[in-house]
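2 protein chains.
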Amino acid sequence: MSGRLTIVGLGPGNPEQTTPEVTRAIAGASDFYGYAPYLDRLSLRPGQIRHASDNREELDRSAAALNRACEGGDVCVVSGGDPGVFAMAAAICEAVENGPDAWRQVEITVLPGITAMLAVAARIGAPLGHDFCAISLSDNLKPWELIEKRLAAAAEAGFVMAFYNPISRARPWQLGKAFDCLRTVLPVDTVVVFGRAAGRPDERIEITDLAAADPAKADMATCIIVGSPETRSISRPGLPPLVYTPRFAKEASR
Amino acid sequence: MSGRLTIVGLGPGNPEQTTPEVTRAIAGASDFYGYAPYLDRLSLRPGQIRHASDNREELDRSAAALNRACEGGDVCVVSGGDPGVFAMAAAICEAVENGPDAWRQVEITVLPGITAMLAVAARIGAPLGHDFCAISLSDNLKPWELIEKRLAAAAEAGFVMAFYNPISRARPWQLGKAFDCLRTVLPVDTVVVFGRAAGRPDERIEITDLAAADPAKADMATCIIVGSPETRSISRPGLPPLVYTPRFAKEASR
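Order-wise, the sequence lines are chains A and B.
Everything in the first sequence is counted per the numbering used here, starting at 485 for the first residue and increasing by one.
Everything in the second sequence is counted per the numbering used here, starting at 485 for the first residue and increasing by one.
Just chain A, with the same shape it has in the complex:
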């Protein structure tokens, strides 16, 4: 007997940014697996079972969720943001690939959500208005040298960048090193945005530049957007500036 497993993205935190299809999937599920702070955002009914786990336990969590689905559970795996962006969808796929045959028979559905960079970008204008990339700064899962290579490639090619997992207690220096790396390629007045809890009451968005970008202003839940040399900030009387990357780009190389 095999149940179903739905991997949902709650969006960045404001319940008004959770899609109706995700809300409906949550209402219909029996068992919920996820990092505790994401499960805390759900309003479960009696009988709906919460299986909270710690950060960095994605594979154990995936195994537990897949086993429960194989037992016939209607399982919901919960991510913040979008489940496909540095989140649980890849962990579930990895578990399926390397796990018992029974897991390949589970009906798996992924329901997208608003990922952090889109929510942060929306709060300040349109910094992702042209070509951009998303990079996880965590060197738990890839060598730091690869991260530096990607930062340099993206900066040299003129991509706007969004950083996920920028810093944590166990990874205190990586964000500073990333800024140092970018300062060798990009103009020091390149726009940098620190965005935390976009759309939530405790939202904190700060616009600065590469020269002044201070890693201490970020935590695990911060999404950082580094502009391209084309990214602009427009001042407005009595209103916050609008940060945007123009839709057109004039030159093939700077």
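These aren't lab readings, by the way, just hints derived from the structure by calculation.
Don't take every hint at face value.
No distinction is drawn between identical chains; accordingly, a pair holds when it is met within one copy or between any pair of copies.
[To be verified] Using 20 Å as the maximum straight-line C-alpha spacing, the simulated EDC-like pairs for lysine to aspartate or glutamate come out as follows:
id	residue 1	residue 2
1	K734	E629
2	K734	E632
3	K734	E581
4	K734	D623
5	K701	E555
6	K734	E640
7	K633	D664
8	K701	D686
Got chain A sorted already, so can you dock chain B onto it with the hints?
Just chain B now, kept in the frame of chain A:
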């Protein structure tokens, strides 16, 4: 007198993927500006005014919307997907920067949406599970040489890529040229996904590889995802394959 201007993203087409904050903003607005097919997706009440315009008229549309807001209108500018990703938010910012002072006093709000690459990715697994980039293949707004430079940089650095605006009647050869360019850098068995109308009744998702990728399978509304060399496809008995990019990457260079 100055009204408000809200730039909303409807998501890729399934109304269940439109966020509640966007639905509420639409209910409260007086005037709607956008590309006709996006406005067709709204259910407007009597008294709500529709100002449809053609594709590629983004700046004229922005000017009209900002003028209406300055007259006191509660204006809604409508994008498909996310308004910040190759869509109207950057066009409005550009208009504000280059327009009359009055436009800088309009209260502008951007409400994010599910962008096409997230919706397509969700339908097949987690191809965007590690570092990735989004590239518009339209050379209306940037030189083709810059697009090729970005394709090569992204492929060499191991980013998964999502292509927006891959092809149109006026731009028939660009997608084929992009695949040719990537074939010189990436393995020919790199996963390629053509995703159209994700989550809608007329959805069409095709998984192929770089050797077989046929530009004729794409149209204006197709989002194409090109994997990295790490992207994998897992076969499942009786179910479609799961395509995903692992959370870990082993090497700094291939």
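How the hints compare with the structure:
1. K734 to E629: between (31 Å within a copy, 11 Å between copies)
2. K734 to E632: Answer is between; shortest inter-copy Cα gap is 14 Å, intra-copy 27 Å.
3. K734 to E581: between (45 Å within a copy, 17 Å between copies)
4. K734 to D623: between (35 Å within a copy, 11 Å between copies)
5. K701 to E555: neither (45 Å within a copy, 40 Å between copies)
6. K734 to E640: within (15 Å within a copy, 24 Å between copies)
7. K633 to D664: within (13 Å within a copy, 24 Å between copies)
8. K701 to D686: within (15 Å within a copy, 45 Å between copies)
Figure legend: structure checked against the earlier numbered hints; the only hint not met is number 5.
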